[in-house]
Amino acid sequence: MPTRRTGKKTTQRKNLYLFLTIAFFLAIIAIFIFDGYMGTYDTVRMTTQEREEVIEPDYWSRDYPPSIWTEEGQDIYFRYELDNRRFSTYSADVEAAVWFGETKHSDLISQAVAIGGFDKEELEWVVDTGLLRPTDIPENQDYEFSVIIKRDGVERRIIVHISSLLPRY
Amino acid sequence: MITLETVNMKLEYVLFGFGILFCLAGVGYLAAQYVRYLTELGQLISLLLTVGMFACLGKYFERVGW
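If you read the protein sequences in the order shown, they are chains A and B. Basically the working numbering = 1-based index in the first sequence + 81. Basically the working numbering = 1-based index in the second sequence + 5.
Treat the hints as calculated values from the structure; they're not laboratory data. Among the clues, some could well be false.
[Stated by the list, open to error] Derived contacts from chain A toward chain B, CB cut-off under 8 angstroms, selection only:
#, residue
1, Arg94
2, Leu101
3, Thr102
4, Phe106
5, Ala108
6, Ile112
7, Phe113
8, Asp116
9, Gly117
10, Ser142
[What the hints assert, rightly or not] Residues from chain A that keep clear of chain B, each with C-beta distances beyond 12 angstroms, as calculated:
#, residue
11, Thr129
12, Arg132
13, Glu133
14, Asp164
15, Tyr171
16, Trp180
17, Ser191
18, Ala195
19, Glu205
20, Val207
21, Asp209
22, Leu213
23, Ile229
24, Lys231
25, Arg238
26, Ile239
In this text the structure is predicted, and so the values were computed from the model without any measurement. Cβ coordinates follow ideal geometry from the N, Cα and C atoms, glycine included.
With the rest of the complex left out, here is chain B (with noise of 0.2 angstroms):
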């Protein structure tokens, strides 16, 4: 049965998605402008922190049961 309360919830979840999409597509659009500025040693090790980045994040959310 769908209730006021669960609809409000769903809400909060597509609020939060479109949050996160935001908050990602900025931290992006910034990193993208800011990287020409690193040597390319720099963007190399960023490159290779950021797939260390999302692996661990992808593991958490595993083990968190996502």
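In isolation and in its complexed conformation, chain A is listed as follows (with noise of 0.2 angstroms):
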């Protein structure tokens, strides 16, 4: 037959399932706030013609690149930044360049950063896209290059393609 005292720690014993399902489950929302947060984030801002467009950290986790247009001739400004969001140092090799395909056409930039914790750093570089047109590719037609940057064994490609200023028929 229960007695009060075997039923209170039958209740206690209860609501300490319940606790620890409760504790649980906000362990699992902190996990998520705090391991989604955490992290090295990388943010490029490419101007040209008077147009900046944005590519944001989440964007990389798309399968297919992003891509932006210009005109030929029009110089393409890159500011790549850097967010480290961790409370140790973070050091690496930042390195883009202008590659046709599987070929490396010429370097932007190769530098070496260390990011204190939780703070950013902004490396810049301009392509000139007048000097970059292969001599197979007539003048009249458009092409595509891309632009990879490389760091600490991560890599971004950014599509460029070029519009051609004379007519095409």
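Both chains come to you apart, so use the hints to assemble them.
Here is the structure:
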């Protein structure tokens, strides 16, 4: 026959499981917030012809690379922002280069960065599209190349579409 | 004997059931969308906590008498 003491113990045990359930749920939410926020995030801002396009950090998880277009001869200003949301310093060599398919054309920047905890750093470079047309592509045709940014095993590819200024027909 | 009161009570339970299902589906959908931003360690710990959470919830309902 359950006494008052054993009944109280059973209620405590029952509540313990409920508290554990709530505690686990809150721990999951905390991990989602904390782990989702922490890390190293990179944002690219590209400006050309009075237009600015921003590639936010979550864009990189998509299957297809981001792209930008401009007219031949226009400069494209790149600003690459690294946001270190960690307690330790983030050190890496950042390299950016122009690629035509699998062939590297030219280097744009190569710089070592050391960003303190919860700090940001921005790198800048310019792509002059007037100097990049491959010799085998007629001047009245559009063409594309990639700007590939590499750092610490991470690779970001941006497709750049160049529109020819000459009439096609 | 089925009275209007018992029908209303059963209807309430069905609606509660739907509400709980929709809540679980919503939370599940948000978690599935957001889980890719976590590190592998974060995903593993979240998985273990989820298993523990459902185990404790099951134990709680068992103790309650469901």
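Hints and how they fare:
1. Look at Arg94 (chain A): its Cβ gets to within about 7 angstroms of chain B, closer than 8 angstroms, so that hint holds up.
2. Taking 8 angstroms as the C-beta contact cut-off toward chain B, the hint placing Leu101 (chain A) at the interface holds, the least distance being around 4 angstroms.
3. Against a cut-off of 8 angstroms between C-beta atoms, the interface hint on Thr102 (chain A) holds, since the closest Cβ of chain B lies about 4 angstroms away.
4. Look at Phe106 (chain A): its Cβ gets to within about 6 angstroms of chain B, closer than 8 angstroms, so that hint holds up.
5. Annotation: Ala108 (chain A) was flagged as interfacial toward chain B, and the flag holds, the nearest CB pair being 5 angstroms apart, inside 8 angstroms.
6. Given hint, Ile112 (chain A) at the interface with chain B, holds; its Cβ is 5 angstroms from that chain's nearest Cβ, closer than 8 angstroms.
7. The restraint placing Phe113 (chain A) at the interface with chain B holds, with a minimum CB-CB distance near 6 angstroms, inside the 8 angstroms limit.
8. Proximity of Asp116 (chain A) to chain B holds as hinted, the smallest CB-CB distance being about 4 angstroms (cut-off 8 angstroms).
9. Taking 8 angstroms as the C-beta cut-off, the interface hint given for Gly117 (chain A) holds, the closest approach to chain B being about 5 angstroms.
10. Proximity of Ser142 (chain A) to chain B holds as hinted, the smallest CB-CB distance being about 6 angstroms (cut-off 8 angstroms).
11. Under the 12 angstroms C-beta cut-off, the non-interface status given to Thr129 (chain A) relative to chain B holds; the minimum distance is some 30 angstroms.
12. With a least CB separation of 29 angstroms from chain B, Arg132 (chain A) remains clear of the 12 angstroms interface cut-off, as annotated.
13. With 12 angstroms as the threshold on Cβ separation, the claim that Glu133 (chain A) sits away from chain B holds: the shortest Cβ distance comes to roughly 25 angstroms.
14. The Cβ of Asp164 (chain A) lies farther than 12 angstroms from every Cβ of chain B, with a closest approach of about 14 angstroms, so its non-interface assignment holds.
15. Once the 12 angstroms rule is applied to beta carbons, Tyr171 (chain A) is consistent with being away from chain B; the minimum gap is 15 angstroms.
16. Listed as outside the interface, Trp180 (chain A) is consistent with that label: its C-beta sits roughly 27 angstroms from the nearest C-beta of chain B, beyond the 12 angstroms cut-off.
17. The non-interface label for Ser191 (chain A) is consistent with chain B: the shortest C-beta to C-beta separation is roughly 28 angstroms, beyond 12 angstroms.
18. Non-interface call for Ala195 (chain A) relative to chain B: holds, since the shortest CB-CB distance, roughly 22 angstroms, exceeds 12 angstroms.
19. Taking the minimum C-beta to C-beta distance to chain B, about 27 angstroms, the non-interface status of Glu205 (chain A) holds against the 12 angstroms cut.
20. With a closest Cβ-Cβ approach of about 32 angstroms to chain B, Val207 (chain A) is found to remain outside the 12 angstroms limit, as its non-interface label requires.
21. Every CB of chain B is more than 12 angstroms from the CB of Asp209 (chain A) (nearest about 36 angstroms), matching its label as outside the interface.
22. Every CB of chain B lies more than 12 angstroms from the CB of Leu213 (chain A), the least distance being 35 angstroms, so the non-interface label holds.
23. No Cβ of chain B approaches the Cβ of Ile229 (chain A) within 12 angstroms, the least distance being about 23 angstroms, so the stated non-interface status holds.
24. With a minimum CB-CB distance of about 21 angstroms to chain B, Lys231 (chain A) clears the 12 angstroms threshold, and the non-interface call stands.
25. Every CB of chain B is more than 12 angstroms from the CB of Arg238 (chain A) (nearest about 19 angstroms), matching its label as outside the interface.
26. Residue-level check passed: Ile239 (chain A) sits 21 angstroms from the nearest beta carbon of chain B, beyond 12 angstroms.
Violated hints for the displayed structure: none, as all numbered hints are satisfied.
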